[in-house]
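> With the hints as a guide, bring both chains together as one complex.
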Amino acid sequence: MNTRWKPPAPLSTPGEALLALVAIKIELSRTQHRLAVERYESIRKHIERADSPLAALVVLFYPQGSMAIGATIRAKRREDGYDIDIVVELGLPPHMPPHQVLNLLYRAVKGDPGSRYHDCTERQSRCVTVHYADGMHLDLTPSVLLEADDPRRSHIFHSKPEASRIDDRHLVINSYAFVERFNAMTPVDHEFGRAYALQAQKMDPMLALMAADSEDVPAHSSEVGGKSATVVALQLLKRNRNITYAPRTGMRMPPSAMLAALALEITLPGRSVLDALDELSYHVLTRLLEAHRLRRLIDVRNPTCWEDRFTDRWPGTLSAQERYIGDLIAFRKQLARYRAPGLSLKEQGDLLTEMFGEHPGREAVRTYADEIAAAGHSGRARVTSTGGLILGTPASVAAAPAVPKHSFFGSTWKKP
Amino acid sequence: MKSLASQSAAMKERWPEFISFRGPAPGSTTWLGGLDGLGRRFLVSIQYGLPMPGDSSLFRCMPVVRVHSPRLVPNFRLKKDGPLPHVYFKADDLPLSPLCLFDPAVAPWTGDELIAETTVYWAIHWLVCYEGWEATGEWFGGGRHPSSAGQANV
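Same order as they appear, the protein sequences are chains B and G.
With this note's numbering applied, the first sequence has no gaps in its numbers, which climb one by one up to 416 at the end.
With this note's numbering applied, the second sequence has no gaps in its numbers, which climb one by one up to 570 at the end.
Note that these hints are calculated values from the structure, not bench results.
None of these values were measured; they are calculated from a predicted model.
Virtual Cβ for every residue (Gly too), placed ideally from N, Cα, C.
Certain hints may be false.
[Said to hold, decoys possible] For lysine-lysine, the following PhoX-like pairs were computed, each having C-alpha atoms within a straight-line distance of at most 25 Å: (1) G:Lys496 - B:Lys414; (2) G:Lys495 - B:Lys405; (3) B:Lys346 - G:Lys495.
[Said to hold, decoys possible] Sample of chain G residues lacking proximity to chain B, with all beta carbon distances greater than 12 Å (derived): (4) Lys428; (5) Ser444; (6) Ser473; (7) Pro499; (8) Pro511.
The following block holds chain G by itself, in its conformation from the complex (with noise of 0.2 Å):
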C-alpha cells in the first residue's frame, strides 16, 4: 500500500496546480485543485486517508473525489439513476455527492495504485462524461448503478 507521502510526492510531480493540506481528519490529506470538462474548469478536491480502525469513513477506503464549482446541477425529471449520474449520493447536500469512479466488484481500490496516476484521469473522465450528462440525459461513460449497492458512509 502507498504511503500518504508518496501520494503527496506523485501528486505534486504530475499536478503540480494542486494544493495539499492534511485533514479531514488525522492520517489524511486533502488535494484541492482545477480539472477541465468540455467547456468549464471545474474546483474538486480529493481526500484520502489511510486505513484506521473503527474510523470507516469512505476516504478510508477509497480516494473521495468531490466537484466544488461551478456545483453539480441535478436534474429531479430524470427518471433513471436518479438526480445525478455515478455518485454516492449525499443527501444533504446533492452537488457534493462523491464520484463513483471506479467499480470495486471489478477492481476495488487497493492502496496500491497512485491517485495522481488514477484518481485523477478517472475524474476526468466523469467530468467530461457529467457533461455531456447535463447536455442530454444521457450518460454515456457507462458503468453499472447497482439495484442494491451498500450506501455508503459519506
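If we strip away everything but chain B, and leave its shape as in the complex, we get (with noise of 0.2 Å):
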C-alpha cells in the first residue's frame, strides 16, 4: 500500500511548541528588527555623505551572515549584544592593498571629531564595526567586485593593523550568492511558517501593524509569514553553541556561515523543528567527526564560490575541532532525552534551560503553560479521544469538543 507520509501539525505537541518559542525568544524581536534596519540605513547615507572619503564609491550595500537569511539570535547576556552583519561594495581596484581599503572605510565611518559614529566605530581585520549603546553592533566589511559576468563574487580584505604588511591578505567570497542560495532552498514551510509568526506576533504584539523601511534587509519573520524549519533549528544550534562558548574567554566559536552551509546540505520542507534540529546536530557532528578521523581540519566552503572558504579561521586546530564535537555529542544526548516520551513539562524546561540557556527555556515554558490553560477556558484547545488537550490548530483535532466552561476552586491550606 503506498502511504503518503503526512508531516506532523505544526507546534501542536509541547516538544515542537516550546522548542518554537524558545526560537522565537531567541530571535530579534520585531522591535530590535526595525531599529536595525534604521541603522542599516543611517550608515549607508553616512558613508555616502558628500564629503565622505568613499562619496560615490559604494556601489552596493547589502546585508550578509545571518541577518540576510533570517537566523539572527541574541546575544546570551543582553551586554553582548549581536551583529548585523552588511557588505559595502566598492567601485575600487580588486587587487587594492588591503590595509588601504579598510582604513578607507574606517575613515568614512567614523567621520570627523566630534560627528555620528566617530567615538564608536572601531578598525577590525576584516570589517569596521559601529558600536551601538545598547549593545548592536553592525559589521561593516568592504568588498569589490571581481567580475562583472560573475555577479557578486568579490574580493574582502584581511589586514591586522599590529600586524605586518606581508601577512596581509586578499580573499574571495560570494556571500550574496550564498544568501539567495539558502534562501532559495529553505523556503518557509506554508504550515509550519504560519503557525511560527502566529506565535511570534503573539510575543510582540504592540508591534503587529509595524512593517520593515528597507527593502534591501529582509523582513521580520512575523512580517513574512514565519521561516522554515531549517532556520529554525540553525538558529536553535547556534544558541546553544553561544550558551556553550559563553564562558570560554577569547575561544573562537564554530562559525554561524559554517553551520548555515552545513544545514543547507540537508534541507528538507516539510519537518518538524525538532526532526530538523536532530538532522542537522547530527549532520554536523557527522561532518566534524569524518574530518577528525583523517586528522584533518573540517572544510566548509561557500557552495556557490568555491573559493570562499567559511572555516579559513576556526576550528584552527584539531583540539578545537574536538571540543566542539565533545559539544555536539553532549547536545544530541540532551536532545535525545528531551525526545523521550513521558516527560513532565518540568523536564522539559530544565532540558530547554540546559540547552538554550535560562531565560529562553523557562519563559517559553512559562509562555507555554499560560497559552494552553487559557485555549482550556476559551475553546481553543480540543479534547482528544484518549484524554488529552491539544491546541486546535489541525482540522483533524479542530472537530474535538471543547473544554465545557468551569472555573476552578479550592480549599485553604492549613497547616498540619
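Written out as C-alpha cells, the structure reads:
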C-alpha cells in the first residue's frame, strides 16, 4: 500500500511548541529588527555623504550572514548585543592593498570629531564595527567586485593593523550568492511558517502593524509568514553554541556561516523543528567526525563560490575541533532525552534551559503553560479521544470537543 | 438528576478505556483510567454516588477526582494557596487530595450533568494546568481560593 507520509502538525505537541517558543525568544524582536533596519539605512547614507572619502564609490550595500537569512539571534547576555553583518561593495581596484581599503572605510564611517559615529567606530582585521550603546553592533565589510559576469563574486580584505603588511590578504567571497541560494532552498514551510509567525506576533503584539522600512534587509519573520524549520533549527543550534562557548573567554566559536552551509546540505521541506534540529546536529557532528578521524580540520566552503572558505579561521587546531565534537555529542544526548516520551513539562523545561539557557527555556515553558491553560477556558484547545488537551490548529483536532465552561476552585491550606 | 446507570453508560461510550467498579460505598461507582497532561499520562480515579441521607461524604455531593500516578508533588516553598493548586486538601495524604474542578458558588454540581462530558474534561484541563504549575510555580488556569472555604469531608 502506498501510504503518503504526512508531516506532523506544526507546533501541536508540547515538545515542538516549546522549541518554537525558545526560537522566538532568542530571535530579534520586531523592535530590534526595526532598529537594525533604521541603522542599516542611516549608516549607508553616512558612508555615501558628500564629504565622505567613499562618496560615489559605494556600488552596493547589502546584508550578509544571519540577518540576510533570517537567523539572527540575541546574545546570551544583554551587554553582548548582537551583530548585523553588512557588505559595502566599493568601486575600487580589486587588488588594492587590504589595509588601504579597510582604512578608507574606517575613515568614511568614523567621520570628523564630534560626528555621529566618531567615538563608536572600531577598525577590525576584516571589517569596521560600529558599536551602539544598546549593545547592537554593525560589522561593515568592504568588498570589491571581481568580475561583472559573476555577480557579487568579490574580494574582501584581511589586514591586522598591528601585524606586518606581509600578512595582509585578499579573500574571495560571494556571500550574496550564498544568501540567495540559502533563501531559495529554505522557503517558508507554509503550515509551519504560519504557526510560527502567529506565535512571533503574539510575543510582540504592540508592533503587529509595523512594517520594515527597507527593501534591502529581509523583513522580520512575523511579517513574512514565519520561516522554515531549517532556519529555526539553525538558530537553536547557534544558540546552544553561544551558551556553550560563553564561559570560554577568548576562544573562537564555530562560525555561523559554516553551520548555515551545513544546514543547506540537508534542508528538506515539511520537517518538524525537532526533526530538523536532530538532523542538523547529526549532520554537523558527522562532518566534523569525518574530518577528525583523518586528523584533518573540517573544510566547509560556500557552495556558490569554492574559494570562499567558511572555515578559514575555525577550528584552526584539532583540539578546537574536538571540543565542539564533544559539545555536539552532549547536545545530542540532551536532545534525545528531550524527545523521550513521558516527560513532564518541568523536565522538558529543565532540558530546554540546559540546551538554550535559563531565560528562553523558562520563558518558553511559562508562555506555553499560560497559553494552553487559557486555551482550555476559551475553547481554542480541544480534548482528544484519548484524554488529552491539544491546541486546536490541525483540521483533525478542530472537530474535537472543547472543555465545557468551568472555573477552578480550592480549599484553604492549613498547615498541619 | 442523572442515575448512576446513565453516568456509567456515558462513561463507557465516551471514555471506553476507563474501567468501573462499585464502591466505595453502596450506591456509588468508581471509574479508573488514564488522562494526558502535557507530556505524561496520569492515572486518575473518579468516585461518585447519589446523595444518601446521613452520608456527607464528598463523593455524594460531587464527582471526586484523584490523581494516583504519577503522584502529585506538593511544593511547600510556594507561599500562595498552599503546596498544591486547586485541591480539597487531604492532610494525611496530600498527593491524593481531590481536585477542585468547579466553583460551587458559580455553578454548583446538580447531578444533571454527565461526568463523561464535564468532570473528565475539567480533570484534563486541571492536569494540563498542574503541569504548568509544577514547572513554573504559577497556576495559569484561573479560579479562586476562598480565604474561608469550608473544609470538606474527604
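> Each of the hints needs a verdict: does it hold here or not?
To see whether the hints hold, each was checked on the structure:
{"no.": "1", "hint": "G:Lys496 - B:Lys414", "in the structure": "holds, 12 Å"}
{"no.": "2", "hint": "G:Lys495 - B:Lys405", "in the structure": "violated, 29 Å"}
{"no.": "3", "hint": "B:Lys346 - G:Lys495", "in the structure": "holds, 19 Å"}
{"no.": "4", "hint": "Lys428", "in the structure": "holds, 14 Å"}
{"no.": "5", "hint": "Ser444", "in the structure": "holds, 22 Å"}
{"no.": "6", "hint": "Ser473", "in the structure": "holds, 16 Å"}
{"no.": "7", "hint": "Pro499", "in the structure": "violated, 7 Å"}
{"no.": "8", "hint": "Pro511", "in the structure": "holds, 14 Å"}
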